[in-house]
Amino acid sequence: MSETASKLEWRDVRIHLNGRAVLDGLNLSVAHGRSLVIIGGSGQGKSVTIKIAMGLMTPDSGQVLVDGVDVTHASGHDRRALFRRFGMLFQGAALFDSLAVWENVAFRLINADGVGRSEAKKRAIEAMSMVRLAANVADLYPSDLSGGMQKRVGLARAVIGSPEIIFFDEPTTGLDPITADAVNDLIVEQVKGLGCTTVSITHDLASARKIGDDVAMLQDGRIVWQGVVADLDRSGNPYVEQFIAGRADGPITASI
Amino acid sequence: MNPIRAVGRVTLDVFQFTGDVAMFAIRGVLPLFTPPWFFRQLGRQIMAIGYLSLPVVGLTAVFTGAALALNIYTGGGRFNAEQIMPQIVALGITRELGPVLAALMLAGRVSAAIAAELGAMRATEQIDAMRTLSTDPFRYLVAPRILAAVICLPLLTVVADLIGIAGGWLVATRTLAFNPTVYVRNTWDFLQAWDVESGLLKAAVFGFMVALMGCYHGYNATGGARGVGRATTLAVVSAAVMIFMSDYLLTTWFSRI
Chain W
1 MSETASKLEW RDVRIHLNGR AVLDGLNLSV AHGRSLVIIG GSGQGKSVTI
51 KIAMGLMTPD SGQVLVDGVD VTHASGHDRR ALFRRFGMLF QGAALFDSLA
101 VWENVAFRLI NADGVGRSEA KKRAIEAMSM VRLAANVADL YPSDLSGGMQ
151 KRVGLARAVI GSPEIIFFDE PTTGLDPITA DAVNDLIVEQ VKGLGCTTVS
201 ITHDLASARK IGDDVAMLQD GRIVWQGVVA DLDRSGNPYV EQFIAGRADG
251 PITASI
Chain H
257 MNPIRAVGRV TLDVFQFTGD VAMFAIRGVL PLFTPPWFFR QLGRQIMAIG
307 YLSLPVVGLT AVFTGAALAL NIYTGGGRFN AEQIMPQIVA LGITRELGPV
357 LAALMLAGRV SAAIAAELGA MRATEQIDAM RTLSTDPFRY LVAPRILAAV
407 ICLPLLTVVA DLIGIAGGWL VATRTLAFNP TVYVRNTWDF LQAWDVESGL
457 LKAAVFGFMV ALMGCYHGYN ATGGARGVGR ATTLAVVSAA VMIFMSDYLL
507 TTWFSRI
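Chains as they are written, first to last, in the numbering used here: chain W, 1 to 256; chain H, 257 to 513.
These are computed hints drawn from the structure, not numbers from a lab. Where is the CB? At the ideal position from N, CA and C, for every residue including glycine. Heads up, a few of these hints could be off.
Pulled a few chain H residues facing chain W out of the computed Cβ check, cut under 10 angstroms [what the hints assert, rightly or not]:
#, residue
1, L288
2, T290
3, F294
4, A323
5, L326
6, T330
7, R334
8, E338
9, Q339
10, E352
11, E373
12, A385
13, M386
14, L389
15, T391
16, D445
Pairwise CB distance ranges (calculated) [to be verified]:
#, chain 1, residue 1, chain 2, residue 2, range
17, H, M303, W, H77, 45 to 53 angstroms
18, W, S42, H, R265, 49 to 57 angstroms
19, H, R265, W, G174, 48 to 56 angstroms
20, W, S162, H, F295, 37 to 45 angstroms
21, H, M303, W, R209, 27 to 35 angstroms
22, W, D144, H, G332, 38 to 46 angstroms
23, H, S502, W, P177, 44 to 52 angstroms
24, H, F295, W, A21, 32 to 40 angstroms
25, W, S42, H, T290, 38 to 46 angstroms
26, H, M257, W, S98, 25 to 33 angstroms
27, W, S61, H, R486, 49 to 57 angstroms
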């Protein structure tokens with residue numbers, strides 16, 4: 001496979017939810033080893049885009065390709081095999097309330113890979129140290145942690161299996177600017193360390209600039225602009241310009 | 257609304273619900289027959305569903321047994337049949353009230369808790385997260401709860417039977433002047449193994465219903481906190497209705513054996 005070949009691709013993806021076309025012919029691709037950030041207003045289908053790529057939702061039509069292979073309708077063993085190649089940091093971290101922090105981080109190791117609990121705990125603590133979480137946090141429960149710490153636990157859980165593709169759903173939402181920047185740094189550090197491909201969705205332009213190589217703007221179910229992050233401020237695209245400026249007037253109508 | 261359309265809508269909804277629940281039950285039960293099995297989860301659920309339900313089931317049974325004894329004594333007195341009270345209490349508790357009351361207590365305590373827990377997990381994307389971690393939520397969340405309830409409810413019913421009969425014994429010997437030894441002997445001599453066994457079989461079916469309804473409504477909860485509340489209510493109501501329906505069907509079937 002050539003270096004520029006797409007690691008992940010959405011091809012003419014369409015989906016209707018509650019009678020509304022959320023994605024209306026989405027075409028998008030991420031090259032191997034690149035970090036793509038999808039920006040766009042609320043309700044534009046950013047989360048749906050990554051849920052379709054992950055296989056958590058099935059589109060009405062279109063294809064999702066990983067390494068050029070159509071995985072849109074993969075199920076059962078094939079889907080579980082795909083999940084092993086993916087990692088995901090959910091918007092609210094989605095940690096399991098009833099499990100200790102280390103059990104959250106090691107969940108895949110224990111329950112899908114059959115790793116023994118003592119070995120899994122050791123590896124979980126190693127993963128936690130990589131995201132600056134002390135070993136004494138391991139036996140706490142998610143409800144004992146701050147939002148920033150929960151995100152870091154979610155990040156440790158996403159990277160522990162050394163995935164090929166990591167998805168970040170609003171990784172800095174709800175965090176103060178300093179904690180958000182620290183989380184961004186950790187994401188960049190982990191992603192560079194693993195050499196994986198990433199897809200992030202965010203409203204946070206500071207985050208997009210920090211963690212992204214490429215940026216795509218999603219509007220009305222389609223990509224209206226895509227380019228490298230350095231071109232974000234000179235895109236010449238009215239949607240991107242309005243989004244960056246944060247103006248209420250322009251082609252994008254605020255959904256209030 | 258056109259009444260024919262309304263009837264049609266309700267009929268379609270009932271068929272759709274039945275089909276959905278049946279498919280859900282199959283997906284929840286099939287993992288029990290193939291590895292991997294999550295024994296730690298099963299242990300946790302046995303504690304939550306069985307052990308922690310003991311106080312409420314015991315309290316319900318003792319008061320029901322006592323009240324049943326008083327009612328049978330009063331009713332039996334109308335045709336001078338007070339002395340059959342121990343036998344009727346034992347029969348009523350083991351065949352009917354033990355399993356049904358234990359199941360209803362579990363519907364209120366466990367079905368609601370399962371629906372709320374799974375509903376909250378759905379709302380906070382924990383179930384999606386589990387899938388992305390290559391773990392089937394039906395295998396990890398649903399199957400252990402169903403198996404735990406099917407194991408625990410018959411055991412709770414044994415406890416309810418013993419405590420219910422003890423409640424009747426207490427009332428009979430303390431306030432109605434029954435001889436304690438004779439009461440126990442009458443109960444023991446009268447009861448047949450099938451009286452207890454049929455109650456335990458019912459309990460296993462009720463346990464399945466309680467866990468299934470909790471899991472089904474929780475797993476499919478939508479709409480945030482409001483959806484979780486709705487799922488909890490639906491779980492309790494539908495579990496109770498299914499307990500009564502299956503109780504009648506099983507009793508009819510057992511009476512023909």
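Evaluated hints:
1. L288: violated, 16 angstroms
2. T290: violated, 12 angstroms
3. F294: holds, 7 angstroms
4. A323: violated, 38 angstroms
5. L326: Violated: closest Cβ of chain W sits about 44 angstroms from L326/H, beyond 10 angstroms.
6. T330: T330/H check fails; min Cβ-Cβ to chain W is 49 angstroms, beyond 10 angstroms.
7. R334: violated, 55 angstroms
8. E338: Because about 52 angstroms separates E338/H from the closest Cβ in chain W, which is outside the 10 angstroms limit, the hint is violated.
9. Q339: violated, 53 angstroms
10. E352: violated, 36 angstroms
11. E373: Where the cut-off is 10 angstroms and the nearest Cβ of chain W is about 8 angstroms from E373/H, the hint holds.
12. A385: holds, 4 angstroms
13. M386: With Cβ-Cβ at 8 angstroms, under 10 angstroms, it holds.
14. L389: holds, 4 angstroms
15. T391: holds, 5 angstroms
16. D445: Where the cut-off is 10 angstroms and the nearest Cβ of chain W is about 48 angstroms from D445/H, the hint is violated.
17. M303/H - H77/W: 45 to 53 angstroms: violated, 32 angstroms
18. S42/W - R265/H: 49 to 57 angstroms: Taking Cβ atoms as reference, S42/W and R265/H lie about 34 angstroms apart, which means the hint is violated.
19. R265/H - G174/W: 48 to 56 angstroms: With a Cβ separation near 42 angstroms, R265/H and G174/W fall outside 48 to 56 angstroms, so the hint is violated.
20. S162/W - F295/H: 37 to 45 angstroms: Cβ of S162/W to Cβ of F295/H: about 28 angstroms, so the range 37 to 45 angstroms is violated.
21. M303/H - R209/W: 27 to 35 angstroms: violated, 50 angstroms
22. D144/W - G332/H: 38 to 46 angstroms: Because 59 angstroms falls outside the window, the suggested range is violated.
23. S502/H - P177/W: 44 to 52 angstroms: The hint (44 to 52 angstroms, Cβ to Cβ) is violated, given that S502/H and P177/W are roughly 58 angstroms apart.
24. F295/H - A21/W: 32 to 40 angstroms: violated, 46 angstroms
25. S42/W - T290/H: 38 to 46 angstroms: Hint holds: Cβ distance 43 angstroms, inside 38 to 46 angstroms.
26. M257/H - S98/W: 25 to 33 angstroms: The hinted range 25 to 33 angstroms is violated for M257/H and S98/W, with Cβ atoms some 44 angstroms apart.
27. S61/W - R486/H: 49 to 57 angstroms: Hint violated: Cβ distance 32 angstroms, outside 49 to 57 angstroms.
Of the numbered hints given earlier, the model fails hints 1, 2, 4, 5, 6, 7, 8, 9, 10, 16, 17, 18, 19, 20, 21, 22, 23, 24, 26, 27; all others are met.
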